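K.L.:
Use the sequences and the hints to build the structure in full.
Listed here are the chains, written in short residue letters.
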Amino acid sequence: MLKTFPKGGIHPPENKITSAKEIKRLTVPKVVYVPIAQHIGIPAEIIVTTKEKVEIGQVIAKSGGFVSSNIHSPVAGTVTKLDKIIDSSGYKKQCIVIRTDQKDESNFEVPDFPLKKEITMNQKDILKHITDSGIVGLGGATFPSHVKLDLKNDNHVDCLIINGVECEPYLTADHRLMLEKADEIIVGIQILMHALHIHEAIIGIENNKKNAVEVLKKAAQSDKRIKVAALQVKYPQGSEKQLIKAILKREVPKGGLPMDVGVIVHNVGTIFAIYQAVQYDQPLIERVVTVTGKKIEHASNFWVKIGTPITDLVNEVGGLPEGTRKIVNGGPMMGKAIKNTDVPVTKGTSGILVISEEEASRGKQENCIRCGECVTVCPMGLEPHLLMSLTEKGMYEKASFEDIMTCIECGSCSYVCPSHRPLLDYIRYGKNIVKKLQTAKN
Amino acid sequence: MSEPIIISASPHVHSDRTSKKLMYDVVIALIPAFLVSLYVFGIGAFIVTAVAIISCLGFEYLIQKYLLKTAITIGDGSALITGILLAFNVPSSLPIWMVIIGSLVAIGIAKLSFGGLGFNIFNPALVARVFLLISFPIQMTTWPTAVVNNTTLVDATSGATTLGIIKEGLMMGETMSSLSAKLPTNLDLFLGITGGSIGEMSGFALLLGGIYLIYRKVITWHIPVIVLGTMAIMTSAFWIINPEQYASPLTHLLAGGAILGAFYMATDLVTSPMTKKGMVIFAIGIGVITVVIRLFGAYPEGVSFAILIMNAFVPLINTYFKPKRFGAKIKFKIV
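Heads up: the protein sequence lines correspond to chains A and B, in order.
Note that the numbering used here has the first sequence beginning at 1, numbered continuously upward.
Note that the numbering used here has the second sequence beginning at 1, numbered continuously upward.
Some hints here could point you the wrong way.
Straight-line alpha carbon distances no greater than 25 Å define the calculated DMTMM-like cross-link-like pairs of lysine to aspartate or glutamate that follow [to be verified]:
#	chain 1	residue 1	chain 2	residue 2
1	A	K84	A	E52
2	A	K7	B	D16
3	A	K364	B	D25
4	B	K276	A	D112
5	A	K148	A	D132
6	A	K234	B	D16
7	B	K322	A	D403
8	A	K53	A	D104
9	B	K69	A	E366
10	B	K69	A	D260
11	A	K51	A	E14
12	A	K148	A	D125
13	B	K324	A	E397
14	A	K218	A	D112
15	A	K24	A	E14
16	A	K93	A	D83
17	B	K20	A	D260
18	B	K324	A	D260
19	B	K21	A	E366
20	B	K21	A	D83
21	A	K24	A	D104
22	B	K276	A	D403
If you're looking for bench data, these hints aren't it; they were derived computationally from the structure.
Small disclaimer: the values here were computed from a predicted structure and weren't measured.
P.N.:
Okay, here's the thing in structure tokens:
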């Protein structure tokens, strides 16, 4: 039996249409829109002015605090505007608009970084490079990576887990990256192990990516400290807590962090970004994005510059098909629906999913028939039906007591509810209010 | 684009499970037992079932349209199931007007007055059954004997059920061995060639449907297996101590409404607990209460009462047997 987390979980249709599509390089966009809040935490502070010329990889917004991140210019060009535009959250956010200099050759050079295995930097320099390169969790959470690496002396981390689970249906960005950059990922892992003095690393991959398991096992052959764990296919295994439980059987305590059980988790994409930052001093200015959908003509995976309008990506795959009703930034389970394709790709964009009529609409909400399916599938051991009705009735204290704040918003409850009840919508709302009440209290 | 883009929160996909599908799966699962009862009781079974279904749907429609003035929900399949289960719990010889009263109690009192589907505490069909049993004890405990291929409207003979014969016989001072001549064999009980309420006789047909429900993931094995298991263990204990005074566990499982109750009524999604732990407690409770009523109570049969009594505990069970929260107890400690 393959390992998996014990409680809850679902298995939606995988629809990994693009898993055999090599990552292509997207044409450099004419204009990029770079938001200054692409990560969890404090937004970066803009340090460029309008009409200023910027180089590729130059810092254009400086980290605004400890839990924050630098932002670099993805292209060489001229800052045309500092404007507010709608990003994938649906809100207007401050962003830096840069017109690409079509004459500047650095924009069109395909970066070619031969595999570099020797790790020459010391621990301090590695951490400094990761901090300066603006690396955030590329799995979608966009938590600034250096924060996770800033170990206090009382934390005894003994295991590094690499998240190559990609449990979201449709998405294949991590899968392709693991296939195409396996050696680099292994070096990236070694860099982190070196920097953190960890002697064990486990790469967790769901077994629907057997070729990735094989490729990484082969790449890791020479290093006995790195293991590859093939996992049973079950959503939401890519969630940090579920992944740690699946691989090590350790349970992160309520309200705690992976560090509390001696673990640090990084996504494979992040590891690759760390490799580039440390070995080649490359800041995070591009990432892999899967552009997919059942009706998309040339669905594929792309290397995309941060700030590229999603329109460019959609045009590359053959345009929006007839009858498109929903465009999702991310996967179908946790991604955000966006209003139009003007929204730019950010550090957290792992995929663009185009959904047609049949799948886009929700079923009619009916009475809860108390089947308990939401309770069965909740990976956090919560009672979604109860949290929804408590929120509906405004009983936030009780909802907080019933651990509403530990919900990871995986959406398994809403997915299975036979009465099409918007369980997660209410739970999110409840969480927001509970959070506000807690802040007010403190 | 012709149609506007939809903006909604995740998840953006949904499984193909719907309440309606769950309900109609239950209806499909009940078909084999219904066919057996047609074979055994003839047209009487058909009429009672048809009347129960039509009146349940009718009352739901009338009450929702004219009394409650809410949306009509007769298409969701739940009133249909209530109708079938009510019919399955009464003799095929029950007068039609009593069936109609039962339907009114089931839909009007047990279901809609609590707030409709999902809000009822007690299983509607069982509430109606117990209401009828207490109001019309004679008609509710007179069963036509099994007459294979009976096509007449009038049931010529009538007799007691297996459990009824045992209860009465033992109270009159007879022993199990002297009673055995009057009782159908366990094989007859299993196949359903016996007297009893419309849907409860054929263990075979009911198990067939029950397995279908488990296969279709409408119910889990926990409640039926534990209810029947608890009954088997308890009745075995008494039977081993004194086989002359207590019927064998196999007779207890096959006779009466044990299988019907365990697979179709105790598992009612609305009135059973939500967690596996809760289901175990609930099912053990039903098993124990059923056996206690059967062996020591005034009624020969106790499944309906047992389920209703445990239904009342469900809110309490749901409150005290919660799923284990992730990370609530730290199992791993760093030394």
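K.L.:
Is the Cα-Cα distance between K24/A and D104/A 25 Å or less?
P.N.:
holds, 22 Å
K.L.:
Check whether the Cα positions of K84/A and E52/A lie no farther apart than 25 Å.
P.N.:
holds, 18 Å
K.L.:
Does K324/B pair with E397/A here, judged by a C-alpha cut-off of 25 Å?
P.N.:
Distance ~20 Å between K324/B and E397/A Cα, so the pair holds.
K.L.:
Keeping to a limit of 25 Å between CA atoms, is the pair of K234/A and D16/B held or broken?
P.N.:
holds, 17 Å
K.L.:
Quickly compare the C-alpha distance for K69/B and D260/A to 25 Å and report which way the hint goes.
P.N.:
Roughly 56 Å between the alpha carbons, so the hint for K69/B and D260/A is violated.
K.L.:
Can the restraint linking K322/B and D403/A be considered satisfied, given a maximum Cα separation of 25 Å?
P.N.:
Holds - the C-alpha atoms of D403/A and K322/B are around 12 Å apart, at most 25 Å.
K.L.:
Please verify whether K364/A and D25/B have alpha carbons no more than 25 Å apart.
P.N.:
Roughly 20 Å between the alpha carbons, so the hint for K364/A and D25/B holds.
K.L.:
K21/B and D83/A: Cα distance at most 25 Å?
P.N.:
violated, 51 Å
K.L.:
Would you mind confirming whether the straight-line C-alpha gap from K148/A to D132/A stays at or under 25 Å?
P.N.:
holds, 14 Å
K.L.:
What's the verdict on K21/B and E366/A, does the C-alpha distance respect the 25 Å limit or exceed it?
P.N.:
holds, 13 Å
K.L.:
Taking 25 Å as the top limit, are the C-alpha atoms of K51/A and E14/A close enough?
P.N.:
violated, 46 Å
K.L.:
Between the alpha carbons of K218/A and D112/A, is the straight-line distance 25 Å or under?
P.N.:
Since the Cα atoms of K218/A and D112/A sit roughly 23 Å apart, the hinted pair holds (cutoff 25 Å).
In terms of the numbered hints stated before, the structure departs from hints 4, 10, 11, 17, 20, listed from lowest to highest.
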